[in-house]
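Asker: The sequence shown begins at 20 in the working numbering and counts up one residue at a time.
Derived by calculation from the structure, the hints in this document are not laboratory data.
No residue lacks a Cβ here, since even glycine has one placed at the ideal position from N, Cα and C.
All clues stand as given, with none of them false.
Computed Cβ-Cβ distance ranges for the label pairs, DEER-style:
1. 239 with 264: 21 to 27 Å
2. 249 with 108: 18 to 24 Å
3. 262 with 162: 42 to 48 Å
4. 216 with 43: 42 to 48 Å
5. 146 with 183: 19 to 25 Å
6. 63 with 146: 27 to 33 Å
7. 83 with 248: 23 to 29 Å
8. 49 with 264: 33 to 39 Å
9. 216 with 101: 33 to 39 Å
10. 147 with 194: 32 to 38 Å
11. 262 with 138: 29 to 35 Å
12. 252 with 156: 18 to 24 Å
13. 194 with 61: 22 to 28 Å
The calculated DSS-like cross-link candidates involving lysine-lysine, where the alpha carbons are at most 25 Å apart (straight line), are:
14. 235 with 161
15. 82 with 161
16. 235 with 82
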Amino acid sequence: MPMSATTPPTEIVTLSLFRYASWSARWWAFTQMGLGPGRFRKVAGLRIAKLLGSGAGNGFSIKPNWSVYSLLLVWENEQAAERFFADNPWWQQNRQYTSEIFTVFMRTAMVHGQWAGEHPFQVTTPLNLTQPLAVITRATIKTRYLLNFWRFVPSVSASIENRPGRLLSVGVGEWPIFMQATFSLWQSGQAMLDYAYHNAHHREVIQRTRELGWYKEELFARFHPYKSQGSWAGEDPLRACLDMSR
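When you get a sec, could you build the whole thing from the sequences and use the hints?
Answerer: Okay, structure coming up:
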(Lines of atoms letter the chains of each structure in order from A and count residues from 1; the text may use other names and numbers.)
(Lines give C-alpha, C1' and ligand atoms only; values in the text may rest on other atoms or scores of the structure.)
Protein backbone atom coordinates (compact mmCIF):
# COMPACT_ATOMS: atom_id res chain seq x y z
CA MET A 1 0.00 0.00 0.00
CA PRO A 2 1.65 3.32 -1.04
CA MET A 3 2.25 6.24 1.30
CA SER A 4 -0.45 8.90 1.33
CA ALA A 5 0.32 12.14 -0.50
CA THR A 6 -1.77 14.17 1.97
CA THR A 7 -1.93 13.18 5.63
CA PRO A 8 1.23 11.40 6.84
CA PRO A 9 0.29 7.87 8.01
CA THR A 10 0.81 7.11 11.68
CA GLU A 11 0.51 3.31 11.61
CA ILE A 12 3.17 1.34 13.46
CA VAL A 13 3.78 -2.38 13.87
CA THR A 14 4.99 -4.18 16.99
CA LEU A 15 6.28 -7.72 17.28
CA SER A 16 6.80 -9.28 20.70
CA LEU A 17 8.64 -12.51 21.46
CA PHE A 18 7.72 -14.40 24.64
CA ARG A 19 9.70 -17.07 26.47
CA TYR A 20 7.99 -19.34 29.01
CA ALA A 21 10.20 -21.31 31.37
CA SER A 22 7.93 -23.57 33.46
CA TRP A 23 5.59 -26.24 32.12
CA SER A 24 2.59 -24.53 33.72
CA ALA A 25 3.52 -21.28 31.95
CA ARG A 26 3.96 -23.14 28.65
CA TRP A 27 0.55 -24.74 29.03
CA TRP A 28 -1.02 -21.34 29.67
CA ALA A 29 0.70 -19.95 26.57
CA PHE A 30 -0.54 -22.87 24.47
CA THR A 31 -4.14 -22.26 25.56
CA GLN A 32 -3.86 -18.65 24.43
CA MET A 33 -3.46 -19.76 20.82
CA GLY A 34 -7.19 -20.46 20.90
CA LEU A 35 -8.38 -18.03 23.55
CA GLY A 36 -6.02 -15.08 23.21
CA PRO A 37 -6.95 -13.62 19.80
CA GLY A 38 -10.54 -12.94 20.89
CA ARG A 39 -9.25 -10.72 23.66
CA PHE A 40 -7.71 -8.30 21.15
CA ARG A 41 -10.84 -7.52 19.13
CA LYS A 42 -11.91 -4.53 21.21
CA VAL A 43 -8.47 -3.05 21.92
CA ALA A 44 -8.59 0.65 21.02
CA GLY A 45 -6.40 1.58 18.07
CA LEU A 46 -5.52 -2.03 17.19
CA ARG A 47 -6.05 -2.99 13.55
CA ILE A 48 -4.63 -6.52 13.33
CA ALA A 49 -3.47 -9.12 15.87
CA LYS A 50 -1.65 -12.38 15.12
CA LEU A 51 -0.67 -14.73 17.96
CA LEU A 52 1.99 -17.11 16.62
CA GLY A 53 3.74 -20.25 17.77
CA SER A 54 7.35 -21.23 17.07
CA GLY A 55 9.37 -24.22 15.95
CA ALA A 56 12.10 -26.04 17.87
CA GLY A 57 15.70 -24.85 17.85
CA ASN A 58 15.82 -21.41 16.25
CA GLY A 59 12.18 -21.75 15.24
CA PHE A 60 12.71 -23.29 11.80
CA SER A 61 11.49 -26.81 12.55
CA ILE A 62 8.43 -29.01 12.08
CA LYS A 63 8.60 -29.78 15.81
CA PRO A 64 6.94 -27.10 17.97
CA ASN A 65 8.80 -25.10 20.59
CA TRP A 66 6.41 -24.95 23.54
CA SER A 67 8.49 -22.28 25.27
CA VAL A 68 8.48 -19.54 22.58
CA TYR A 69 5.53 -17.62 21.13
CA SER A 70 5.14 -14.25 19.44
CA LEU A 71 2.50 -11.55 19.03
CA LEU A 72 2.30 -9.38 15.91
CA LEU A 73 0.18 -6.23 16.27
CA VAL A 74 -0.65 -3.47 13.79
CA TRP A 75 -1.59 -0.14 15.39
CA GLU A 76 -3.24 3.08 14.27
CA ASN A 77 -0.48 4.98 16.10
CA GLU A 78 2.21 4.56 18.73
CA GLN A 79 0.03 6.01 21.50
CA ALA A 80 -2.44 3.13 21.12
CA ALA A 81 0.41 0.62 21.37
CA GLU A 82 1.84 2.24 24.50
CA ARG A 83 -1.59 2.21 26.19
CA PHE A 84 -1.93 -1.51 25.46
CA PHE A 85 1.49 -2.37 26.88
CA ALA A 86 0.84 -0.26 29.98
CA ASP A 87 -2.74 -1.19 30.84
CA ASN A 88 -4.15 -4.15 28.91
CA PRO A 89 -5.26 -6.95 31.30
CA TRP A 90 -4.22 -9.77 28.95
CA TRP A 91 -0.76 -8.26 28.47
CA GLN A 92 -0.29 -7.84 32.21
CA GLN A 93 -1.39 -11.44 32.83
CA ASN A 94 0.95 -12.70 30.12
CA ARG A 95 3.87 -10.86 31.73
CA GLN A 96 3.36 -12.89 34.90
CA TYR A 97 3.90 -16.13 32.99
CA THR A 98 6.88 -15.10 30.85
CA SER A 99 10.54 -15.41 31.77
CA GLU A 100 11.53 -13.04 28.96
CA ILE A 101 9.81 -10.58 26.59
CA PHE A 102 11.30 -8.67 23.69
CA THR A 103 9.24 -6.13 21.74
CA VAL A 104 10.24 -4.27 18.57
CA PHE A 105 8.47 -1.09 17.41
CA MET A 106 8.74 -0.54 13.67
CA ARG A 107 7.44 1.31 10.62
CA THR A 108 6.70 -0.43 7.34
CA ALA A 109 9.08 0.44 4.50
CA MET A 110 8.05 -2.11 1.86
CA VAL A 111 5.45 -4.86 1.56
CA HIS A 112 4.50 -7.34 -1.14
CA GLY A 113 1.74 -9.95 -1.02
CA GLN A 114 -1.09 -10.83 1.32
CA TRP A 115 -1.69 -12.48 4.70
CA ALA A 116 -4.94 -14.47 4.95
CA GLY A 117 -6.30 -12.52 1.99
CA GLU A 118 -5.54 -9.14 3.56
CA HIS A 119 -2.99 -6.38 3.06
CA PRO A 120 -1.96 -6.06 6.71
CA PHE A 121 0.70 -3.33 6.57
CA GLN A 122 0.67 0.25 5.31
CA VAL A 123 3.95 1.72 4.08
CA THR A 124 4.78 4.66 6.34
CA THR A 125 8.49 5.32 5.77
CA PRO A 126 10.99 5.15 2.86
CA LEU A 127 13.32 2.16 2.64
CA ASN A 128 16.89 3.03 3.64
CA LEU A 129 19.41 0.22 3.19
CA THR A 130 21.89 1.84 5.61
CA GLN A 131 19.44 1.68 8.54
CA PRO A 132 18.58 -1.31 10.80
CA LEU A 133 15.97 -3.53 9.17
CA ALA A 134 13.32 -6.00 10.30
CA VAL A 135 11.87 -8.56 7.90
CA ILE A 136 8.68 -10.59 8.12
CA THR A 137 7.97 -13.35 5.61
CA ARG A 138 4.83 -15.45 5.69
CA ALA A 139 3.61 -18.21 3.37
CA THR A 140 0.92 -20.85 3.07
CA ILE A 141 2.57 -23.87 1.48
CA LYS A 142 0.71 -25.96 -1.08
CA THR A 143 0.12 -29.46 0.29
CA ARG A 144 1.81 -31.23 -2.62
CA TYR A 145 5.02 -29.24 -2.04
CA LEU A 146 5.29 -29.66 1.75
CA LEU A 147 7.95 -32.37 1.57
CA ASN A 148 10.10 -30.43 -0.91
CA PHE A 149 9.77 -27.23 1.09
CA TRP A 150 10.82 -28.78 4.41
CA ARG A 151 13.77 -30.54 2.78
CA PHE A 152 15.36 -27.12 2.23
CA VAL A 153 14.58 -25.62 5.64
CA PRO A 154 17.51 -27.10 7.66
CA SER A 155 20.19 -25.83 5.25
CA VAL A 156 18.65 -22.35 5.02
CA SER A 157 18.21 -22.22 8.79
CA ALA A 158 21.84 -23.17 9.39
CA SER A 159 23.09 -20.67 6.81
CA ILE A 160 21.49 -17.68 8.56
CA GLU A 161 22.75 -18.44 12.07
CA ASN A 162 26.20 -16.83 11.84
CA ARG A 163 25.50 -14.54 8.93
CA PRO A 164 27.27 -11.14 9.21
CA GLY A 165 24.80 -8.43 10.11
CA ARG A 166 22.11 -10.75 11.46
CA LEU A 167 20.91 -9.69 14.90
CA LEU A 168 18.06 -12.14 15.45
CA SER A 169 15.99 -14.63 13.46
CA VAL A 170 13.13 -16.87 14.52
CA GLY A 171 10.63 -19.04 12.72
CA VAL A 172 7.00 -18.56 13.75
CA GLY A 173 3.58 -19.43 12.39
CA GLU A 174 -0.17 -19.75 12.89
CA TRP A 175 -0.22 -23.49 12.16
CA PRO A 176 2.64 -26.01 12.10
CA ILE A 177 4.01 -27.33 8.82
CA PHE A 178 1.88 -25.50 6.21
CA MET A 179 1.55 -21.90 7.48
CA GLN A 180 5.02 -20.55 8.15
CA ALA A 181 6.43 -17.13 8.94
CA THR A 182 9.84 -15.74 9.83
CA PHE A 183 10.98 -12.66 11.69
CA SER A 184 14.53 -11.40 11.44
CA LEU A 185 16.49 -8.32 12.51
CA TRP A 186 19.52 -6.99 10.64
CA GLN A 187 22.14 -4.33 11.28
CA SER A 188 21.21 -2.80 7.92
CA GLY A 189 19.09 -3.42 4.87
CA GLN A 190 22.24 -4.09 2.88
CA ALA A 191 23.26 -6.90 5.25
CA MET A 192 19.88 -8.54 4.67
CA LEU A 193 20.20 -8.22 0.88
CA ASP A 194 23.70 -9.70 0.97
CA TYR A 195 22.29 -12.78 2.69
CA ALA A 196 19.12 -13.07 0.62
CA TYR A 197 20.78 -12.90 -2.78
CA HIS A 198 24.36 -14.05 -2.19
CA ASN A 199 23.80 -17.06 0.07
CA ALA A 200 23.65 -20.22 -2.05
CA HIS A 201 21.07 -22.04 0.10
CA HIS A 202 18.70 -19.09 0.27
CA ARG A 203 19.14 -18.32 -3.42
CA GLU A 204 18.21 -21.89 -4.35
CA VAL A 205 15.00 -21.68 -2.31
CA ILE A 206 14.05 -18.44 -4.08
CA GLN A 207 14.68 -20.10 -7.45
CA ARG A 208 12.66 -23.21 -6.57
CA THR A 209 9.81 -21.06 -5.30
CA ARG A 210 9.63 -19.18 -8.59
CA GLU A 211 9.92 -22.30 -10.72
CA LEU A 212 7.50 -24.56 -8.84
CA GLY A 213 5.08 -22.14 -7.19
CA TRP A 214 5.30 -23.66 -3.70
CA TYR A 215 2.94 -21.19 -2.07
CA LYS A 216 -0.82 -20.64 -2.11
CA GLU A 217 -0.17 -17.23 -0.61
CA GLU A 218 2.94 -15.32 0.37
CA LEU A 219 3.96 -12.04 1.95
CA PHE A 220 7.31 -10.28 2.28
CA ALA A 221 7.61 -7.09 4.31
CA ARG A 222 10.51 -4.87 5.37
CA PHE A 223 10.37 -2.53 8.33
CA HIS A 224 12.61 0.03 9.97
CA PRO A 225 12.70 -0.65 13.71
CA TYR A 226 12.96 2.52 15.79
CA LYS A 227 12.52 1.32 19.37
CA SER A 228 12.86 -1.88 21.38
CA GLN A 229 11.92 -3.02 24.87
CA GLY A 230 13.01 -5.99 26.96
CA SER A 231 15.56 -8.65 26.08
CA TRP A 232 16.03 -11.88 24.16
CA ALA A 233 18.58 -14.47 25.29
CA GLY A 234 19.57 -12.01 28.00
CA GLU A 235 20.19 -8.94 25.85
CA ASP A 236 18.56 -6.39 23.57
CA PRO A 237 19.89 -7.32 20.10
CA LEU A 238 18.79 -3.98 18.61
CA ARG A 239 20.01 -1.45 21.16
CA ALA A 240 23.51 -0.82 19.82
CA CYS A 241 22.29 -0.50 16.21
CA LEU A 242 19.48 1.87 17.13
CA ASP A 243 21.85 4.02 19.18
CA MET A 244 24.25 4.26 16.23
CA SER A 245 21.49 5.12 13.74
CA ARG A 246 20.19 8.08 15.75
